[in-house]
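Peer 1: Sequence:
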Amino acid sequence: MRKTSKEPVESGNELKEAIELLEKEKNISKDSLLEAIQNSLLSACKNNYGTSDNVEVYIDRDSCRYRVIQKKIVVEELPSKVRADEKPLYISLADAKMIDPHYEVDDVVPVEIKSREFGRIATGIAKNVILQKIREEERKVIYNDYFEKEHNLVTGIVQRLNVNGNGISISLGKCDTVLPESEQVKGEVFHPTDYIKLYVVEVKDTPKGPRIAVSRTHPDLVRCLFEQEVSEVKDGTVEIKAIAREAGSRTKMAVYSNDENVDPVGACVGVNYARVSAVVDELHGEKIDIIKWDNDPALLIENALSPAKVILVLADEEDKEAIVIVPDYQLSLAIGKEGQNVRLAAKLTGYKIDIKSETQAREEGLFEEYGIDYQAGDVGNNAEEQSGEEEA
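According to the numbering used here, the residues represented by the sequence shown are 1271 to 1662, in order.
Keep in mind that a hint or two might mislead.
As the list claims (entries may be wrong) - Taking lysine-lysine pairs in the DSSO-like style, the calculated list, with each CA pair at most 30 Å apart, reads:
no., residue 1, residue 2
1, K1294, K1467
2, K1607, K1557
3, K1384, K1456
4, K1478, K1300
5, K1607, K1590
6, K1296, K1478
7, K1444, K1504
8, K1357, K1294
9, K1467, K1607
10, K1511, K1617
11, K1474, K1300
12, K1607, K1511
13, K1367, K1410
14, K1410, K1467
15, K1316, K1367
16, K1562, K1456
17, K1444, K1403
18, K1286, K1296
19, K1397, K1296
20, K1562, K1511
21, K1478, K1419
22, K1286, K1403
23, K1444, K1478
24, K1617, K1504
Don't read these hints as lab results, they were simulated from the structure.
Let the sequences and hints guide you as you build the complete structure.
Peer 2: See the structure below:
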C-alpha cells in the first residue's frame, strides 16, 4: 500500500492583502485570520460533500496561498449503495490510475478541491465562519485593551445625553459605553462632542462585546487624576493612602511620602496650587482637602478634621471609635456644613468620630477623667488658621 503526504500550496495575493489590511485596521493577528479561513474551508467541504473527515487545508503563512486536499482511499470499485457522506472518502482504482498509474487498492490519493466548485450555500457558510471569527477576535482585542485599563482613567467623547432616560452615551474610540445616572456627579453638565474623563470600574466580556462600567463619582477617579498631574504620585514617591469623597462637593485625601525629603502635601498641591487646581478644574470645582497620613490614629484623625483645630483626640483602636475635643469656636468648623467635614474625616480614617466642644468636655469631666491639664487659649484664636495641611 502506498500513501502520499504532499502538502501543495496555491493561490492568493488578494487574500494576503485582505488579511494584512484586517490585521492592521482591527489589530487581529494573522494566525487567527488564517485559522478562520482554514475552518471556513473545512465547513464548506462538510456542507458540500457531507463530510470533512478526510479533508486537509494547507496554508502558507507568508504568502497566504492555500490548497484544499481530499484524501481518498483507493477501492476496486465504488459500492453501488453508499451513503452520501461516505462517497467522498473513496476513489475507484480506475479513476486513481488516471491520476497516477502506480496507484493500487488501499493507497491514499490526494485529490485537490477547487473552492470555486463549492455551491452557493457552502460558500455562504464559509463566509459566515470567517466573519464570525473576525467579530470574535475583534471583541477579544477590544476586551483585552480595556481590561488593561480597568481601575484607571479613560477619556471619551460625549455622543448623546439621556440614553434610555438616565445615561450619557460616550464613545471610547473602539467601543461605546454609557455613564449611568447613578455614576454622574450632580450638577455636572455635558454636551455632545465634549471630552470627558472617566474611571473604569469594571470590564466584562459578554456575547455582545466588552461591557465597560465607568464612573465620575468613584473616589479613585481623584486618585487617578493626581497620578496624572503629580509625578511623585505616579512614580510611588508619594502614596495616596486613603480617599473619602462626596462627589461634586468635597474630597479629603491622605498622603504619605516614602522620601523624607519630599513633602507629600506640598507635592500634591504644587507650586501656586497648580497641580491641585488642575484636578479641581477637571472635577468642575469640587473642593479637595489634602492632609498628611499618620500611622498614629489620633494624629490622623486630627489631620483629617482640618481645617478645624483640635484640642484632644481620644482614639480607641479596638472599637474604631474616637472622641475629639475642639475649642468652642471651632465646633461648627470641625463638624462642617450639614456634618460634611466630620463625615468625610470618619470615612477617611475608618473611625466613628464623636466631636465635643471644650465646654461640653468640661461639663462631662473629660479633662479630669483623662488627667489632662488644658487651659483655654492653648489652641490658636484664629478659626481659619491652618497648621500645614492644605485646602484647595
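Peer 1: Against this structure, judge whether each hint is valid.
Peer 2: Hint by hint, here is what the structure shows:
In summary, the hint linking K1294 to K1467 is supported, as the alpha carbons are separated by about 28 Å, within the 30 Å threshold. Simply put, K1607 and K1557 have alpha-carbon atoms about 13 Å apart, close enough for the 30 Å limit, and the pair holds. With a C-alpha separation of about 64 Å, the suggested pair K1384 and K1456 falls outside the 30 Å cut-off, and the hint is violated. Taking the CA atoms of K1478 and K1300, the gap is about 23 Å. The hint holds against a cut of 30 Å.
For the hint pairing K1607 with K1590, the CA-to-CA distance comes to about 24 Å; that is within 30 Å, so the pair holds. Among the hinted pairs, K1296 with K1478 is consistent with the structure: their alpha-carbon atoms are about 17 Å apart, no more than 30 Å. Of the supplied pair hints, the one linking K1444 and K1504 holds, its CA atoms being roughly 27 Å apart against a limit of 30 Å. A hinted pair counts as satisfied when its Cα atoms are at most 30 Å apart, and K1357 with K1294 does not qualify at roughly 42 Å.
Under the criterion of a C-alpha separation no larger than 30 Å, the hint pairing K1467 with K1607 is consistent with the structure, at around 29 Å. A hinted pair counts as satisfied when its Cα atoms are at most 30 Å apart, and K1511 with K1617 qualifies at roughly 12 Å. For a cut-off of 30 Å, the pair hint linking K1474 to K1300 stands: about 25 Å separates their Cα positions. Simply put, K1607 and K1511 have alpha-carbon atoms about 25 Å apart, close enough for the 30 Å limit, and the pair holds.
Taking the CA atoms of K1367 and K1410, the gap is near 49 Å; set against the 30 Å cutoff, the hint is violated. About 24 Å separates the Cα atoms of K1410 and K1467, which keeps this hinted pair within 30 Å; it holds. Restraint check for K1316 and K1367: satisfied, since their Cα atoms lie roughly 26 Å apart, inside the 30 Å limit. About 29 Å separates the Cα atoms of K1562 and K1456, which keeps this hinted pair within 30 Å; it holds.
Simply put, K1444 and K1403 have alpha-carbon atoms about 18 Å apart, close enough for the 30 Å limit, and the pair holds. The straight-line distance between the Cα atoms of K1286 and K1296 is roughly 15 Å, inside the 30 Å bound, and the hint therefore holds. A threshold of 30 Å between alpha carbons decides the hint, and for K1397 with K1296 the separation of about 18 Å falls inside it, so the pair holds. Under the criterion of a C-alpha separation no larger than 30 Å, the hint pairing K1562 with K1511 is consistent with the structure, at around 9 Å.
Distance restraint check for K1478 and K1419: the Cα-Cα separation of roughly 20 Å lies within the 30 Å cut-off, and the hinted pair is therefore satisfied. For the given pair, K1286 sits about 17 Å from K1403 by alpha-carbon distance, which is consistent with the 30 Å threshold. For the hint pairing K1444 with K1478, the CA-to-CA distance comes to about 14 Å; that is within 30 Å, so the pair holds. Simply put, K1617 and K1504 have alpha-carbon atoms about 24 Å apart, close enough for the 30 Å limit, and the pair holds.
Of the hints listed earlier, those the structure fails to meet are numbers 3, 8 and 13, in rising order.
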